[in-house]
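Protein chains: 2
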Amino acid sequence: MFRNSHTLVKFYWKHQLNNHFRSSSSIFTRCGSSFHQDRNSENKRYSVYSALSLSFVGALSYYLYKDEIKNYLIENHQVQALRKEAVQEEISCGIRRKDLPTYSSEEVSQHDNPNNGIWVSYKEGVYNITDFVTKHPGGQNKIMMAAGGSIDPFWMVFANHNKSEILELLESMRIGNLRSEDVYKKTADTFDPYALEPVRSKILKVNGKQPFCAEPPPPLLVKNFKTPKDVFYVRNHLPVPIIDIENYELELAVEDDTIKTLTLEDIKKYPKYTVTSAIMCGGNRRSEMADAKPLRGLSWSVGAIGNASWSGARLCDVLNGLGVKEEDYNHVQFEGMDLDPSGIPYGASIPISKAFDPRADVLLAYEMNEEEISLDHGYPIRVIVPGVVGARNVKWCNKIIFSKDESPSQFQQNDYKGFSPSIDWDNVDFKTAPAIQELPVTSAICIPQRGERITVDKNGTIPVKGYAWSGSGKKIIRVDVTVDQGETWHIAKLVAQDPDAKEGRHYAWTLWSLDLPVDKTKGSVEIWVKAVDSAYNTQPESFKNIWNLRGFLCNAYHRVKVDLV
Amino acid sequence: MFRNSHTLVKFYWKHQLNNHFRSSSSIFTRCGSSFHQDRNSENKRYSVYSALSLSFVGALSYYLYKDEIKNYLIENHQVQALRKEAVQEEISCGIRRKDLPTYSSEEVSQHDNPNNGIWVSYKEGVYNITDFVTKHPGGQNKIMMAAGGSIDPFWMVFANHNKSEILELLESMRIGNLRSEDVYKKTADTFDPYALEPVRSKILKVNGKQPFCAEPPPPLLVKNFKTPKDVFYVRNHLPVPIIDIENYELELAVEDDTIKTLTLEDIKKYPKYTVTSAIMCGGNRRSEMADAKPLRGLSWSVGAIGNASWSGARLCDVLNGLGVKEEDYNHVQFEGMDLDPSGIPYGASIPISKAFDPRADVLLAYEMNEEEISLDHGYPIRVIVPGVVGARNVKWCNKIIFSKDESPSQFQQNDYKGFSPSIDWDNVDFKTAPAIQELPVTSAICIPQRGERITVDKNGTIPVKGYAWSGSGKKIIRVDVTVDQGETWHIAKLVAQDPDAKEGRHYAWTLWSLDLPVDKTKGSVEIWVKAVDSAYNTQPESFKNIWNLRGFLCNAYHRVKVDLV
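Chains as they are written, first to last, in our numbering: chain B, 1 to 565; chain V, 1001 to 1565.
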């Protein structure tokens, strides 16, 4: 697990922080958050050193630009607002309770294994999470890092825990109070890992603040065949890393051994390929599945998808001449420069056959829609794995590993997987399901939106627009729409598809449009859409039978009820 | 259309007729049926010369072995029985009617175009089929071959027309009687193209007699991971050709120009590859879709699928060194040695990228389950296109054409395609849908069968078994079974998968099994099954919303109602 321990104290140099600094032409350098693991036998707590553990270079840059950072934080209303909301949500959990006993951090630390019970502290509270550990949606390994210690520093990074339902769940496991002098304190110098995220377009609806997860409004999504970067959904899993582009290197390794390093310029020397590919989050449309039955995960509407042209070096070209043989390994792992509190990078892997196959079009992309990839979308290098779930299209990639094994990352092992509807958090075993790679066929109505009042035109129709997409390079061949529960299906016009896609490599989405006949006298209609791909796979009708505990693969018919006037 | 006119008078030599002749060690030679097109300006009828038009060699062989043929026909009860039934079905149509006028064949022949109206004769009847031509399920081109003439000889080959509903439909277009002296007469020497079909295993349930289409009983299907040849479904489109193996050649052509020919021995010189691949008919499970709403096509149950290992040369190896460039063409067409009455061979095509891709595992197979491929399954060469509908896995292949265009065959152009449920025979335009290639995910329950009485065992379960498969090389990752309409899903055990399949190339089927908990007190249960493949595509719930006029792609949940005792 600590193969990447060399990254534990790692400093980044900023290349382009955000538009704010760009426009004021500030030269800005920032050090990333860094966490140090201190696991001595006496006190098995994780200590988090942030500013405190800054190395010389990092510290120097921090202090040189401290005022700029402070000013930035004050000026950046968006970040401030987010933090304020987060704080408000926290108030119901971790407050001292008079009805419970008090424990020292030493006592808590003795409960770091199943035999003694697993305890953690959060603010002033002490919790027995023994029974919950195996059910932790983020994986057992991750939650065990906090065993016997404070979860506060972890939740600074995995700030998506700051939700009422999670705080409530934690509080239900409360067993006591933490001795006042042992309560984890954010020091004045603690560097908030999310303080310097890029400024985002106000267009996006924010589903998760830290890490940042946001999607555009559906009608905007279908305005362009290629989604502009500011409209393109963002699904980060960790704080956005700060990129020291001057010293950027992509490391290529076979298991634990580095075999080559490439600078950005080196990567740009390979033939430049362009592929238009949609990228979709595995949880896109989760809100609809959650309507069928509650589940855990960010509440995405239909916007966790975007379509862009990506340009860069083909991975198969980079692999060529390395001396690595496809048959000797099973997987190609990618690591991002975004780190979790223990210094482990975001990671994912794909089958090695896809990496070696020139027809799979896997890219080390440095351009998105003919421009340098923006920070939120993976600058300087994002791995593009066309037809495959967003989670494997690794942003900020700085390491590629050929391995017998899949990525050890929890996002590969214990997160992006699908299960039978009968599997719940009490009986789930993540090992029984394969990591999601290629995605099934889906479609969505973006215009109109649920609950809208639509004027029926003189021909008795209403305009309906949306997208359709299938993984694995399958082309969308038909989109069917009904307003009478399938008694009559209307065939939509496919208004935009990639004209340059090669046979079997239709990675871009399809935009569709239809003047849908409706009966105005009904007052309202429920519009259903389903798409069919070139393997004639089509969507399941309803969410009930594809429901899964993490809310992935939400590709049932999209149903939108609207009022007619 | 008549690119293949050189095949019009083509004679076959038998290699191995059937087990009957094999066991009696007969040396047997047979000529195939041959049809000659006689389209002079005065009489645009198609004349069918069978024994009459035999060339010297064919005639010689026929007369040399006439008695053997006769004896064979007498002895072969199966063939006799089939013919008898076919004759019985014909009685309701084409009989002289006193209420209608009489026309000469000369008068009929003047009605061979839309301007004059399109007439045909059948036995003693004359029919105006003008309005039906565009709705002909077998394609407009095919039916127009009989325009102005007799359809009798065509129906000898396309004997699947001998069905009450088709005869009834024809009779509804009746306008008159044909002059007695012009009525088409099968001469004593007419060679029945179906007279010498291989003798088939009695195991198979016959869905179509001529051409032969048959499937095994479901419980037998899941007895073996590799389906034995006598249990493997047969879906022929034309009479089985007689193979002159001594003179067999596989012709490779670029558009109209032959660039190479290979003997069977030449093909066997390429490296031998083995791929285990299921082959499924595009109409498998059609009977269930027809239950939802009537449609046209053979009534397949769940048995129009089989799984076998196929060995032969990889097509990509054969293409290597030919000088044909993938980027110069779009499709690779295959022709079989089975001919229609006008001498046009069965044909199909696949995208050229699949032919050139070593990872697509397209084979020119000469072995099935480690034995020489039997006559019914495509001896001597069957093209195996793993993951792709059976219709493109061309049997008896003797020609491969690199082309800008798809196969002109009606089976490519106007047959194996999927449509929206709203498309019917009045508004269908076959050009609007792509030819079916890769197939969607499916599954079926083979044990128990519908209506069976099943004894619930002491644990309160019943044994359930079946298969699951997905095209495109997608692996089956899960099979879910329910007896309460999806309230509870039970996960089946995947008992057999191809252990040698490479990542993304899982072409074999998966056999699954489950001891399914049931409530005996309910008296009966309806079992539903759905499979999930490695792209997490799953099956649609019901047939209503995937219904299509030809009854292809019948992959909704399989539902089997049984009684419990």
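What the hints contain is simulated information worked out from the structure, not anything from laboratory work. Among the hints, erroneous ones may be present.
[Said to hold, decoys possible] Chain V side only, calculated, beta carbon under 8 Å to chain B, not exhaustive: (1) Pro-1294; (2) Leu-1298; (3) Gly-1418; (4) Leu-1439; (5) Val-1441; (6) Gly-1460; (7) Thr-1488; (8) Trp-1489; (9) Asp-1500; (10) Lys-1502; (11) Ala-1535; (12) Ile-1546; (13) Leu-1553.
[As the list claims (entries may be wrong)] Listing some non-contacts, in silico: residues in chain B with all C-beta distances to chain V over 10 Å: (14) His-161; (15) Ser-172; (16) Asp-230; (17) Asp-266; (18) Thr-538; (19) Arg-559.
A virtual CB, placed ideally from N, CA and C, is assigned to each residue, including glycine.
Evaluated hints:
1. Pro-1294: violated, 16 Å
2. Leu-1298: violated, 19 Å
3. Gly-1418: holds, 5 Å
4. Leu-1439: OK, holds: V/Leu-1439 within 8 Å of chain B, min 7 Å.
5. Val-1441: Because about 7 Å separates V/Val-1441 from the closest Cβ in chain B, which is inside the 8 Å limit, the hint holds.
6. Gly-1460: Not OK, violated: V/Gly-1460 not within 8 Å of chain B, min 17 Å.
7. Thr-1488: Hint holds; V/Thr-1488 Cβ to chain B Cβ min 6 Å, cut 8 Å.
8. Trp-1489: holds, 4 Å
9. Asp-1500: At 13 Å from the nearest chain B Cβ, V/Asp-1500 fails the 8 Å test, so the hint is violated.
10. Lys-1502: Holds. Min distance 7 Å.
11. Ala-1535: holds, 4 Å
12. Ile-1546: holds, 6 Å
13. Leu-1553: holds, 5 Å
14. His-161: Holds, since 27 Å exceeds 10 Å.
15. Ser-172: Correct as stated: the minimum Cβ-Cβ distance to chain V is 27 Å, above 10 Å.
16. Asp-230: holds, 30 Å
17. Asp-266: holds, 28 Å
18. Thr-538: Non-interface label fails for B/Thr-538: nearest chain V Cβ at 6 Å, not farther than 10 Å.
19. Arg-559: Correct as stated: the minimum Cβ-Cβ distance to chain V is 13 Å, above 10 Å.
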